[in-house]
Amino acid sequence: MIFESTRVSVAGLAIAVLSFATPARAQHVTFTDVRDAVPLKFFNPNSDSTHVRPEAPNTLEIGFESGRDSGLDDEFRASTEAFGNRVAMDTLSFNVVAPEGYYVSSITYHQSGTGAVNTPADARAASSWVVNGQPADLGSFSPGQFPWSNSQTATFTDSSLTVVPVSLTTELYAFAAPSLASAQVEFTRATIVVTVAPRPTVNFDSQLTRHER
Amino acid sequence: MTFVSMRACVAGLTLAALSFPAPALAQDVPSVMFENFRDAVAGKYFSPAGTHADPEARNTLEIGFESETNAFRVCAPSAIVPVPCNNNRVAMDTLSFDVRAPEGYYVSSITYYQEGSGAIARLADARGAASWVVAGVPINLGGPFGGPVLFSAGAHAWSRSRTLELSDSSMTVVPVSLTTGLFAYAGPSLGQASLDLSFATVAVTIAPLGPTAKKTATIVVDGFTVPYDGLAHEATGTATGVDGESLTHLLTIVGRFTNVPGGQATWTFAGNDDYNAEAGTADVTITPVDATIAVSGYTGTYDGLPHAATGTATGVNVNGVNEDLNHHLDLGASFTNAPGGTATWTFGGDANYNAATGAAAITINKATPILTWPQPAAVTAGTALTATQLNATANVNGAFVYDPPLGTVLTATQQLTAAFTPADTVNYNAATATVTISVTANTGAQIINPGPQTDRVGDGVRLRIRLTRGSSRPGSNKDRNGVFTAAGLPPGLQMDSDEGVISGRVTTVGIYPVTVTFTQNGVTVSARFDWTILSRSAKRGER
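Chains A and B are the protein sequences, given in the same order. Under the working numbering, think of the first position of the first sequence as 1, with each following residue one higher. Under the working numbering, think of the first position of the second sequence as 1001, with each following residue one higher.
If you are wondering where the hints come from, they were derived from the structure by calculation, not from laboratory data. Hints should not be assumed to be uniformly reliable.
[As the list claims (entries may be wrong)] Here are a few chain A residues that face chain B, going by a calculated C-beta distance under 8 angstroms: (1) MET89; (2) THR91; (3) SER128; (4) GLY133; (5) GLN134; (6) THR169; (7) TYR173; (8) PHE175.
[Said to hold, decoys possible] Below, in silico cross-link-like pairs of lysine to any residue (SDA-like), each with a Cα-Cα straight-line distance of 20 angstroms or less: (9) LYS1215/B / VAL1242/B; (10) LYS1366/B / GLY1341/B; (11) LYS1214/B / THR1285/B; (12) LYS1044/B / GLY139/A; (13) LYS1044/B / PRO200/A; (14) LYS1214/B / THR1268/B; (15) LYS1366/B / THR1268/B; (16) LYS1044/B / GLY63/A; (17) LYS1214/B / TYR1275/B.
Small disclaimer: the values here were computed from a predicted structure and weren't measured. Ideal placement from N, C-alpha and C gives every residue a C-beta, glycine not left out.
Excised from the complex, chain A in its bound form:
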């Protein structure tokens, strides 16, 4: 498995990164067993929120909670505002299942967010993912890099890889001097794009032909 990472940390490039090319897909994968670590906060694994993009069936659009429960915000944001979470961390796990006759040839994760600080304050974001048991760093972001985004692609050459477990973890942090400053960092979008490739088949006819010759 090979990880290739792309990181964009300057304003204005987030949209450009969103348009990273995805290989042509002949078949559609399925995303199963979508679950998160912190129920009802941050990531939202429910199918009405985390869903396959209709126009791109091999793209999983990851959803986020909203609103406020238990006195603190449910959205994936760390903030020094009232009811804001100073730390927000969640893990979303799911399986990528290749269609019959195909294997998963690559998985690309893209995430982006916003943030702002009014010093003395600080806000940070950091994330990592685990693909097929292999953890990988997705980087961290400081106020000078807001709005933040990055993407990373894991490629596979093992044609037996028809089911790939994936876990995404992101942690946000915000602090500001009380009554003097403010800080917030927010996770706004995350997508998974999968490509598949046909599984090689043994061509018995060809072998037989060689024997006959």
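Knowing the structure of chain A, use the given hints to seat chain B on it.
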């Protein structure tokens, strides 16, 4: 999976937490294997290479950490901590590995414990959070640690512990990923903060795989619905093991159904050492069908007999023969007279066949009477038509009207027409017959029609019928060598066949159509006239 979380935020709990109880295992029980260590941030924070099984704590993994500036530590500024942290404000890493149970055992629980310390002075903050993913299930390891609770100049310890109990005995290899993130911030020249993760363990318990629990086969015995076809039907099915192996030979299905409505087949899966026995039912539904019904109406000519529809009802083909269902078919009413009518047929049906009904036309046309009219013999011109010529007959009752009518004196060959009106006009048509009568030229005597005659009752009458050709003895017809006849004479009168004289005394009032004939040498001529007999008191023109 069940999670049990334990959180300790005060100093001094580290050793106590490390001693969490693990299930006692016999000394000869083999240990679990921890393998495939990898981390997300190579060379920093978690140290896969430094991670090792604890030789003193059975089935416990002691997680290694990088050191010095690569330690799992954040600080702001770096000068405040006793070991350098390279002024890391953010530190996040994920450690992944597999827990493999020894042969004959499964992983029954995994407990993760981590601890660290932190310090915050004045305007500063330090926080962290952690989660783990066990067998694909993400789990929060508790709320953020650090923060204001650590707000003091001194060092404070924090720890987290969580136990995951696994009841699924198939979990002999469990993938685990641990992720922790730390943050620190201090206002420039306004405070100090540090936070680290310095110790972490994973303790595993195992449990022996008990007697292999029997598995449950996938039994597919589908009921079905089929139209009645006279054949026996039974449900079929398959039994498949968890690995896709066929177990259909252990499946028995009882119940064969031929007739509507079918029935409920029962199936039993015998099971074996590996699979549980099962039983169930499946509905075999047989639905009624339409019989093949062929009914024909009738079209014919009235013959005095009743006529009805004809037809057959047959069912499905069983063994090459269609079922005879005629006993269920009622062909409806019959009709004798024209014009017939509509026969409504009904098919009663039975359990296997749907009832049906329909209509058939019974058309009875009127019959045409058979008229018989013998060819009349030729007559001599001057002969009046009599019943001898107008003698048509019919095979049914009715009346003839002749044209020309009775008494008409024929002068040339012509067609005679008989129009027949049947007495039963419902069932018979009117009919017409014609014949052509030959009228030969009269080369002999002709009767001179005396014209209408009128007398009174009691009158003595003497009327000589005269012939056109002259005779040697006028006033006598004897030399004509012929014979006179008269028909229809009033009572009291008679014809002298030699003399051609009608004589006598009339007795009865009436109008009498009289036809007189003269036959000579086989040629007959005739004449017709009316003879009116009045009463004695009546004036001429009266009766």
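Legend entry - Structure-inconsistent hints, enumerated in ascending order: Hints 11, 13, 15 and 16 are the ones this structure does not satisfy, whereas the remaining hints hold.
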